[in-house]
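One line per chain: the protein sequences are C and L, in this order. Residues 206 to 632 in this note's numbering are what the first sequence spells out, letter by letter. Residues 4 to 508 in this note's numbering are what the second sequence spells out, letter by letter.
Please keep in mind that the hints were generated in silico from the structure rather than gathered at the bench. Don't take every hint at face value.
[Said to hold, decoys possible] Straight-line distance between alpha carbons at most 20 Å, and here's what the computed SDA-like set of lysine to any residue pairs gives: (1) C:Lys622 - L:Lys233; (2) C:Lys622 - L:Ser256; (3) L:Lys233 - L:Thr131; (4) L:Lys490 - C:Ser335; (5) L:Lys215 - C:Ser335; (6) C:Lys389 - L:Lys490.
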Amino acid sequence: MANVHRSLACSRRELLRFAAAGASFTSLSGWLNVLATRAAETGVKPKSCILLWMEGGASHKDTLDLKPGTKDAGEFKPIATSVPGIEISEHLPQIAKQMHHGVLLRGMSTSQGAHGPARYYMHTGYREGSGGLVHPSLGAIASAELGKADVALPNFVSVGGKFGYGAGFLGVRHQPLIIEDAAKGVANLRPPVDGLRFGERLGLLEDMERGLLRTATSQAGHDHLTTYQRTVALLRSKEAQAFDIEREHASVRAAYGESAFGRGCLLARRLNEAGVPFVEVFSNGWDTHKDNFPRVKKLSGTIDAPIARLITELESSGRLDSTLVIWMGEFGRTPKITANQGTPGRNHYPRAWSLALFGGGIKGGQVIGKTDKEGAEVIERPISGLDFLATVCSILGVDYTKENPTPIGRPIRIVEKGATPIKELVG
Amino acid sequence: MSRTRIIKGLRGLLLLALVGQAEAAAPAKPNAGTSAHALAQRIDALIEQSRSSKDVTPAPLADDAEFLRRAYLDLTGLIPSADTAANFLASRDPHKRAKLIDERLASPDYGKHQAETWETLLMVRDSTNRRLKSEPFVEWLKTRFNENQPWNRLVNDLLTVTGTQGDSGAATFFIALRTPDKLNDQVCRLFLGVRLECAQCHDHPFAPWKRKDYWSMAAFFSKVRAGGKKVGKGEPEVVNESGKEKKAPLPDSALNLAPKFLGADQPKLSASEPYRPALAQWMTNPENPFFARAMVNRTWAQFFARGIVEPVDNLSADPTGEPELLKELTAEFTKSGFDLKYLIGAICNSQAYQRASGAASEGNSPDEHFARMAIKPLTPEQLYDSLAIVLGHKGETPKEARKAAKEQAIKYEPKSLRAKFIAFFDVPDGADPTEYGTGIPQVLQLMNSPEMNKGSVLLDDALATSRTPAQAVDRLYLATLSRYPSKAERTRIEAFLHQSTRTST
Numbered sequence: 206m207a208n209v210h211r212s213l214a215c216s217r218r219e220l221l222r223f224a225a226a227g228a229s230f231t232s233l234s235g236w237l238n239v240l241a242t243r244a245a246e247t248g249v250k251p252k253s254c255i256l257l258w259m260e261g262g263a264s265h266k267d268t269l270d271l272k273p274g275t276k277d278a279g280e281f282k283p284i285a286t287s288v289p290g291i292e293i294s295e296h297l298p299q300i301a302k303q304m305h306h307g308v309l310l311r312g313m314s315t316s317q318g319a320h321g322p323a324r325y326y327m328h329t330g331y332r333e334g335s336g337g338l339v340h341p342s343l344g345a346i347a348s349a350e351l352g353k354a355d356v357a358l359p360n361f362v363s364v365g366g367k368f369g370y371g372a373g374f375l376g377v378r379h380q381p382l383i384i385e386d387a388a389k390g391v392a393n394l395r396p397p398v399d400g401l402r403f404g405e406r407l408g409l410l411e412d413m414e415r416g417l418l419r420t421a422t423s424q425a426g427h428d429h430l431t432t433y434q435r436t437v438a439l440l441r442s443k444e445a446q447a448f449d450i451e452r453e454h455a456s457v458r459a460a461y462g463e464s465a466f467g468r469g470c471l472l473a474r475r476l477n478e479a480g481v482p483f484v485e486v487f488s489n490g491w492d493t494h495k496d497n498f499p500r501v502k503k504l505s506g507t508i509d510a511p512i513a514r515l516i517t518e519l520e521s522s523g524r525l526d527s528t529l530v531i532w533m534g535e536f537g538r539t540p541k542i543t544a545n546q547g548t549p550g551r552n553h554y555p556r557a558w559s560l561a562l563f564g565g566g567i568k569g570g571q572v573i574g575k576t577d578k579e580g581a582e583v584i585e586r587p588i589s590g591l592d593f594l595a596t597v598c599s600i601l602g603v604d605y606t607k608e609n610p611t612p613i614g615r616p617i618r619i620v621e622k623g624a625t626p627i628k629e630l631v632g
Numbered sequence: 004m005s006r007t008r009i010i011k012g013l014r015g016l017l018l019l020a021l022v023g024q025a026e027a028a029a030p031a032k033p034n035a036g037t038s039a040h041a042l043a044q045r046i047d048a049l050i051e052q053s054r055s056s057k058d059v060t061p062a063p064l065a066d067d068a069e070f071l072r073r074a075y076l077d078l079t080g081l082i083p084s085a086d087t088a089a090n091f092l093a094s095r096d097p098h099k100r101a102k103l104i105d106e107r108l109a110s111p112d113y114g115k116h117q118a119e120t121w122e123t124l125l126m127v128r129d130s131t132n133r134r135l136k137s138e139p140f141v142e143w144l145k146t147r148f149n150e151n152q153p154w155n156r157l158v159n160d161l162l163t164v165t166g167t168q169g170d171s172g173a174a175t176f177f178i179a180l181r182t183p184d185k186l187n188d189q190v191c192r193l194f195l196g197v198r199l200e201c202a203q204c205h206d207h208p209f210a211p212w213k214r215k216d217y218w219s220m221a222a223f224f225s226k227v228r229a230g231g232k233k234v235g236k237g238e239p240e241v242v243n244e245s246g247k248e249k250k251a252p253l254p255d256s257a258l259n260l261a262p263k264f265l266g267a268d269q270p271k272l273s274a275s276e277p278y279r280p281a282l283a284q285w286m287t288n289p290e291n292p293f294f295a296r297a298m299v300n301r302t303w304a305q306f307f308a309r310g311i312v313e314p315v316d317n318l319s320a321d322p323t324g325e326p327e328l329l330k331e332l333t334a335e336f337t338k339s340g341f342d343l344k345y346l347i348g349a350i351c352n353s354q355a356y357q358r359a360s361g362a363a364s365e366g367n368s369p370d371e372h373f374a375r376m377a378i379k380p381l382t383p384e385q386l387y388d389s390l391a392i393v394l395g396h397k398g399e400t401p402k403e404a405r406k407a408a409k410e411q412a413i414k415y416e417p418k419s420l421r422a423k424f425i426a427f428f429d430v431p432d433g434a435d436p437t438e439y440g441t442g443i444p445q446v447l448q449l450m451n452s453p454e455m456n457k458g459s460v461l462l463d464d465a466l467a468t469s470r471t472p473a474q475a476v477d478r479l480y481l482a483t484l485s486r487y488p489s490k491a492e493r494t495r496i497e498a499f500l501h502q503s504t505r506t507s508t
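With the sequences and hints as input, model every part of the structure.
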């Protein structure tokens, strides 16, 4: 109780500064200086993550794990990458040139074969509905473990997704700020009136709420105030400019391409620079039961340039070593080609599939795991969903064995028991 | 929004208000009235008794304005209109609080609010049932809460439902939850006040329930099915339990056991008979040690944001709180024939419920023994419905609502403004009701969205009914905060109005 009293007394003081908030927050350059100083002091840059989610599940045999010359190999040819001996799809030529920064995990093997449960599992590491809980997704975990409370920007931003995987029982502080399309930025970020009138309104709100806070020593009142302060700080901050991709030079925007995913990658890079520890960008349409080949070709063309550009820009700004970029979906697709309404397609396939990791300080230029000649079974180094999540946590410097309490106080581990991080990456 | 639509909207609201009054005039249920007042006094006596041994000073009773707003929001899920607030504050009737409670309990909004509260509790949304419509379930619950159907009958009907959502909205529960473990978790937690789910995978070191207790209760749901042959082709799913079905597949942690009542006997059930009726009969029997107690504690928690004993849904785990009060209210609720309006009437007429939310004095622990009312942030439903009253529009015309409903039937996406708003402001299941669950995106919407900034109905009304700026300010306070402004507040608002006139010229 004493704590609540103290924090409320403190928040009353903060309240007096409410209308002036924003001015008191450090500027963008100030922020970067802080980061730079911290890195220099400790020698370790704080880690961050950009998750590129291929919604629907990308066909591993048509992207990262081609099987030329075998049954149902498909139409695409493999091409060489910047790492001798590693080949990927001909429709990912620019990503191929970044392969020395990346690791392909070709031994992913999971059990969820329906979109919803698989998406849930690969985002949270838990079976959907188990224990009557909604579990936090990777982004919310990163927000809780890597995020900072004293910054204007949110710690978890999700761009272009149809399905939100949020904070679950970790609560509202770690919910993602959801951006429908990077071209539109944050919904309702701009006040409907000019700055002067907006300030007057805030001043009035501040005075009106003072009465309530004086008589009621409630945590809710305090949280309400804090959330409004953070909102005002955000919309007045220089950091909020990070959401505006129009500020990029036209040539940079062009390099990321005209697609929503490309804009999302550019936004992710800007937010990453501004210190947001976790950004998720969705690429929709990978559920290719029908028209698999023309669709995967087109989708590959959409994601190739932006992902390659993202990696090179992170590298040139010195941020690639501290930023893990993950390319994945909820599962792979069947090694067999099926005729769905007359057009060749591939169906859901969690048993054997691939994903890619870039940057984050991992040892690049490797392939870990191997499937059989038709891409149907993992024959070397199988990796479970739990192994994968434990690996990501370890790369990000998050203790995956840590227990978080649920609302009723049950301790729930970040990643369940039975996970082994991939040593080749972390060590 | 055009002027005519606003007028139409207002007319609709007036009609609704009139319907509400007509309902209120209907004769009261036999158990409401004096016995509810007697029980309210008993509640206060029992709390006073346990408080007397401690050094806790209760907060004073809330003033009329605080009580009015609380009773409206807690009983019917929305705030009162400016007129209702003005009339209530002006009334000198010494029984006006009791009358307001009766009037709110008789309003159709009572059943709607209870139905939405219980729909949220019962349904667990996940990727498999994301598209399932909840409206039939809400309708089903609403009718029963408004008719004040005995709680044991309502639960019995829910647990034994068969057919499609169209046949009975209660079918939604079984279509949404589907598997024995999910159904068991919810039924034990909500209707019995026992959290069994921790025992799903392992014996719990400190709780009395073991894995075999979990799976022998879950076995009662092993034969109910939701499905149908042509579901993929647009036919509705059917809930059935003819008794002949094979058992449903269970997760790896499952134990394959015969059905057995929690902490009680193993019923004699033949393989050819359905299991759910036996479970429902055992649960809803007045002799059941869990059922009435769970509902009394949960209903109390709905009004106080805290159970009589805590945790609210885990009464078997060495509860803390006021066990004597829970015992007596449970006996009364059972004796009344599981009469919810009687129970709620008693709770709301108690002094404990009517205490102010401000601390009695610095330095004591006001949360003990219900010495003051907790602060409860508005739920998304309460917030939307209250905003709709303040802004004077329901967000959509009946025509738009029909169109949205039609689209929803086709696409299964929540289309109505209200549904979208509620989804956007939603908080995690099981979150503490005193926790503030609104994040930055939601605050941005409340501050800056066009929807929130176009509503001029409130101002139009304030200007039309006021002769002076002071009266207009009064009207705005009544409409939004259900009270008159203090002198300082009035001065501050008037200063703001002057300031704004200056800056806008």
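Hints the structure violates: just list their numbers, smallest first.
Those not satisfied are hints 1, 4 and 6.
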